[in-house]
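Since the structure of chain Z is provided, determine the placement of chain C on it from the hints.
Number of protein chains: 2
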Amino acid sequence: MALEIITDIASLRARLAQERNIALVPTMGNLHAGHIHLVRLALQQAPCVVTSIFVNPLQFGANEDLDNYPRTLDADCEKLAAAGAQIVFAPSVSEMYPVAQTMCVTSPPIANELCGAARPGHFDGVATVVMKLFNIVQPQTAIFGKKDFQQLFIIRELVRQFNLPINIVAGDTQREDSGLALSSRNGYLSNAQKQEAQRLHRTLQLIVDNVQQGNHDYAAIEAQSSQYLTQLGWIVDYISIRSALTLMPANAEDKELVVLAAARQGKTRLIDNIEFTLS
Amino acid sequence: MALEIITDIASLRARLAQERNIALVPTMGNLHAGHIHLVRLALQQAPCVVTSIFVNPLQFGANEDLDNYPRTLDADCEKLAAAGAQIVFAPSVSEMYPVAQTMCVTSPPIANELCGAARPGHFDGVATVVMKLFNIVQPQTAIFGKKDFQQLFIIRELVRQFNLPINIVAGDTQREDSGLALSSRNGYLSNAQKQEAQRLHRTLQLIVDNVQQGNHDYAAIEAQSSQYLTQLGWIVDYISIRSALTLMPANAEDKELVVLAAARQGKTRLIDNIEFTLS
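Chains as they are written, first to last, in UniProt numbering: chain Z, 1 to 279; chain C, 1 to 279.
Accuracy of the hints is not assured; some may be wrong.
As the list claims (entries may be wrong) - Looking from chain Z toward chain C, a few residues come up when the C-beta cut is under 10 angstroms (computed):
hint, residue
1, R13
2, P98
3, I110
4, E157
5, Q161
Stated by the list, open to error - Simulated coverage check for chain Z against chain C, where a stretch passes if three residues somewhere in it have a Cβ under 8 angstroms from a Cβ of chain C:
hint, region
6, 134–145
7, 162–171
Treat the hints as calculated values from the structure; they're not laboratory data.
This structure is a prediction, so every number in the text was calculated from the model and none was measured.
No residue lacks a Cβ here, since even glycine has one placed at the ideal position from N, Cα and C.
Only chain Z is shown next, with the shape it has when bound in the complex:
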């Protein structure tokens, strides 16, 4: 079955009008095996899978990489076709924002922490475009990756607080053998940076081991880890041990935890996280 590439909202609505069970995979394109994993999860959820490819200006800050973000539609479509996806929705900016988006969804307070601290307005932009995509596609299920753990958390809040009749399914982070989380932004890295980038996940794994061995001085662990990476040339935005249930800083009572990090190699900002449980 050939992949259908649809670029306008009216055509997509017409195509989906008779579908009763749709799964949506929202992406910004430049698809890698992490995205394809989400598409495969979607195909398990619903007979009709829509993968959206849209580099959303609203979620980029003024000094971020909107203009340089890799746009690789032809290659993306080949990968989607190979994975058995049926429909790609790849709208232009003017199709998604024909007039200035003066009405937005505001994010909860947690959106100002972690990635939001360095990217003001980012999660408002994410929540707004996801709300639009949900209304355009009207899926029964939507798939998001756990690599963007804070985004996933905010999307679940969006669904809950706006009563969206949509089931959110989370896909595990896909990694290279080195442990490096797959990311479109890995393509910005030099060979030496990519070599060093592996250390981010290793550092998170060391933190998990440390906590699971009984060290609950989370502030000290965070500070030491951050200092360690900084000494190795990283610019660390944050390393934070949090409740996986609330995303608030973890305390001694929390058993469901996640350690999250964002750090830069040169200009390239990488994020990663590991969820874990204390017994």
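Relative to chain Z, chain C alone:
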């Protein structure tokens, strides 16, 4: 056919699961003939009409009449049954807001003018609850009254900017023989205030006549009308001649116009408007 009164979201969703064409009439209850007119319009649009009755705390300011707003569910249901409506959705505050609503829809800049100038945050509260109701009911059509002209304008923007697959139908303002626009807040008026309240619509009609006779000094007309009502004991929030298409202050080129007013009799805030066309 008996009126079905549903108070929880899960039951409403179950009831509506098999409906293919639904019209929603969002109200705050205390129904009068203006609301019933909207219900009749809804019945012309769809075989299944849901009237929501919910006094939305999010759209009331700290010093407004949330606590005193009339709640008359039994009488409302009698009127709806008589009109042939099928379903009332009357949720509690905790059903609509089981957790703090930390994610909201922000309104466009026009929301800070006219009624929004005196009611900061009001239209964010309206847009947020309407988005929630749309997601709960998933109607094909929703009916709003023209008496809340600015609200109607913002709801149309909500639908447009968030790609909601919902047709918005506007119902004409219903009036007493005196011209007074029907409003739940009319119930707050003393007999003398209600007598005086007629003047609001008469003043708007005089403005329309004045403009249609060729007076295009809108600022002067607004100032004179405001002064006139103030001298008669009104507290005037605004009288404004605007483009009916953009809600921006009208200029000489605009042909589709609306004159809007908000003014207080004692503590009771009344609004009204008249749309008109210049040939």
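Legend entry - Hints breached by this structure: none
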